[in-house]
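Undergrad: Use the sequences and the hints to build the structure in full.
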Amino acid sequence: MSFLQVQGLKKTFPGVAGSEDLIVFDNINFELHRGEFVCIIGHSGCGKTTILNVLAGLEQPSGGHVFMDGREVSGPSLDRGVVFQSHALMPWLSVRENIAFAVKSKWPDWSKAEIVSHVQKFIDLVHLQGAEDKKPAQLSGGMKQRVGVARAFAIQPKMLLLDEPFGALDALTRGNIQDELVEIVQQTHQTVFMITHDVDEAILLADKIFLMSNGPQAVIAEIVENTMPKNRSRTTMHHDPQFYSIRNHLIDFLVKRAKAIASGQEVKPQRPVVVRPGLLPKAA
Amino acid sequence: MTALERLRPLALSLIILGLIFGIWALATMGGSKGQVVDDEYAKLVGAAAASGQKSAFPTPGDFLEKLGGHLADPFYDRGTNDKGIGIQLAYSIARVLSGFFLAAAVAIPLGFMIGMSRTAFAALDPFIQVLKPISPLAWMPLALFTLKDSGVSAIFVIFICSIWPMLINTAFGVASVRREWMDVARTLEVRPVRKALRVILPAAAPTIMTGMRISIGIAWLVIVAAEMLVGGTGIGYFVWNEWNNLSISNILTAILLIGVVGMVLDFVFSRLQRLVTYRD
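Chains as they are written, first to last, in numbering that gives the first Met the number 0: chain A, 0 to 283; chain B, 0 to 279.
FYI, nobody ran anything at the bench for these hints, they're computed from the structure.
Do not take every clue at face value.
[As the list claims (entries may be wrong)] Residues from chain A that face chain B, not an exhaustive set, calculated with beta carbons under 7 Å: (1) Leu77; (2) Pro90; (3) Met227.
[As the list claims (entries may be wrong)] Label-pair restraints from in silico Cβ distances: (4) A/Asp108 to B/Tyr277: 45 to 53 Å; (5) A/Glu113 to B/Arg178: 29 to 37 Å; (6) A/Leu171 to B/Met112: 28 to 36 Å; (7) B/Arg178 to A/Ser116: 31 to 39 Å; (8) A/Ser116 to B/Val192: 49 to 57 Å; (9) A/Ile250 to B/Arg278: 39 to 47 Å.
Bear in mind that the values here come from a model prediction, so they are computed numbers and not experimental data.
Even glycine gets a Cβ: it sits at the ideal position worked out from N, Cα and C.
TA: Right under this line is the structure:
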């Protein structure tokens, strides 16, 4: 059995003033294997964040089930670390205290020294040495998000959920953090579920890319398997012949097919179709 | 800012102070002004008493002399109606602080509860809305009747007037803790007590402290009136007693010191407020 199973997930919001309920998404089915890095791409409003919140246990679905490690997810848990879109650091705590707060939540019996050394390890991992005693307000956007990442990794969860963590960062900073994330994930073999709007980010980081159709009644239409070599890097991956095949497939989906599926021009699949656009023969 | 720019407001303040004293001095100049009382009353008390030697309102010089006297020996105690102004102020401050901290001990936990539970808020809101606008002095007879002690009654009046801003601000601060921080606490499975102390309290602390600052200000306003009613000790009683003595200089001294103490209390709480305020 796979590590994470999502079955028939559905979310509705009550309609305004007696109108019909709004079905955000319906019949969402997918699986995740241990150590897999999955990115989910789709237009705003299709319910990506809601799916992530359901996986985190922060929101209750209107229907369907989520199982992790054979047990149903019914609420938030230290087994699932979350990196929030808005970093969600506590402004009255320093960088070190923010991470230590999480560490102490996971291991309440640890001594001060144990906590300090564990926290330092993760500060080093995201290259924040020297900023330990700064308050979030004194940090740049990229540094704040690094703290958010370090806090989530520090509790060593079974799965990591990232809600478009680098969306608000400039391209240069985003590139650097992506590299760090690749490095950390390779070291820790963390299972990751990440929302992104950035197609290149998805190709760089993900083993599988979930493509979501537009809402309402959005579905995961396709699962794109990333067939590029594991050791790809941000600086060289665009020379790989597979890169543009995958990228074009993703962009075609976002600009045309996401809408076509929502409007019924294209058939809505009951289960996501697995595709490998990287291995398709080039149309000559 | 240059030294000159910093000196400018100071100079202006001194000029305004000088003007106040100047006008005051002009207004209180001149000696006997002839008859100062009603004709019938003049017949009764005789010419000398009726014309008076001098107006009861002191000149700035008289006032400063009196003020100097009070400040030189603030803590003497020569019986019930003759205590140093420092002692009177100390009584008032002690009453204000005990009433205020009793109120804080009730308002902050209760405000936490109201802020966290919609049910508790909805259930208590009508009571708060009705009780809040009542003048604290209106409680005085009830307090005197049930508590049977004027000193305790004064503390009760302070308690009842300082509870509302703290209660409302605590509830508001707790209710508006940012959702993302609560979500962080939830994903970290933080236990309720730790969540209250380590997440909600620091997040709401600036709002709570604002409520405390408003409360201490109101408490200091109310204590003067309360002590005028209950009598015995305190700066409010002192003012009333000096009114009966028609010693305007003493009243002015008390007014000035009430202002200074109020300013100091506000300053302390503004410092505390700054201590718990975080930059986001």
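Undergrad: Evaluate each hint against the coordinates.
TA: Hint by hint, here is what the structure shows:
The restraint placing A/Leu77 at the interface with chain B holds, with a minimum CB-CB distance near 5 Å, inside the 7 Å limit. Contact between A/Pro90 and chain B, as hinted, is supported at the beta carbon level, the nearest pair being about 4 Å apart and thus within 7 Å. The beta carbon of A/Met227 is not positioned within 7 Å of any beta carbon in chain B (closest approach about 32 Å), and the interface hint is therefore violated. At about 29 Å, the CB distance of A/Asp108 to B/Tyr277 disagrees with the hint of 45 to 53 Å.
A hinted range of 29 to 37 Å holds for the C-beta pair A/Glu113 and B/Arg178, which are about 31 Å apart. Separation of A/Leu171 from B/Met112 is about 48 Å and departs from the stated range, judged on CB atoms against 28 to 36 Å. Range check, B/Arg178 to A/Ser116: about 32 Å between beta-carbon atoms, so the 31 to 39 Å window is met. Taking 49 to 57 Å as the suggested C-beta distance range, the pair A/Ser116 and B/Val192 does not conform, at roughly 27 Å.
Here the CB-CB span from A/Ile250 to B/Arg278 is close to 41 Å, well matched to the stated 39 to 47 Å.
Against the hints set out earlier in the document, violations occur for numbers 3, 4, 6, 8.
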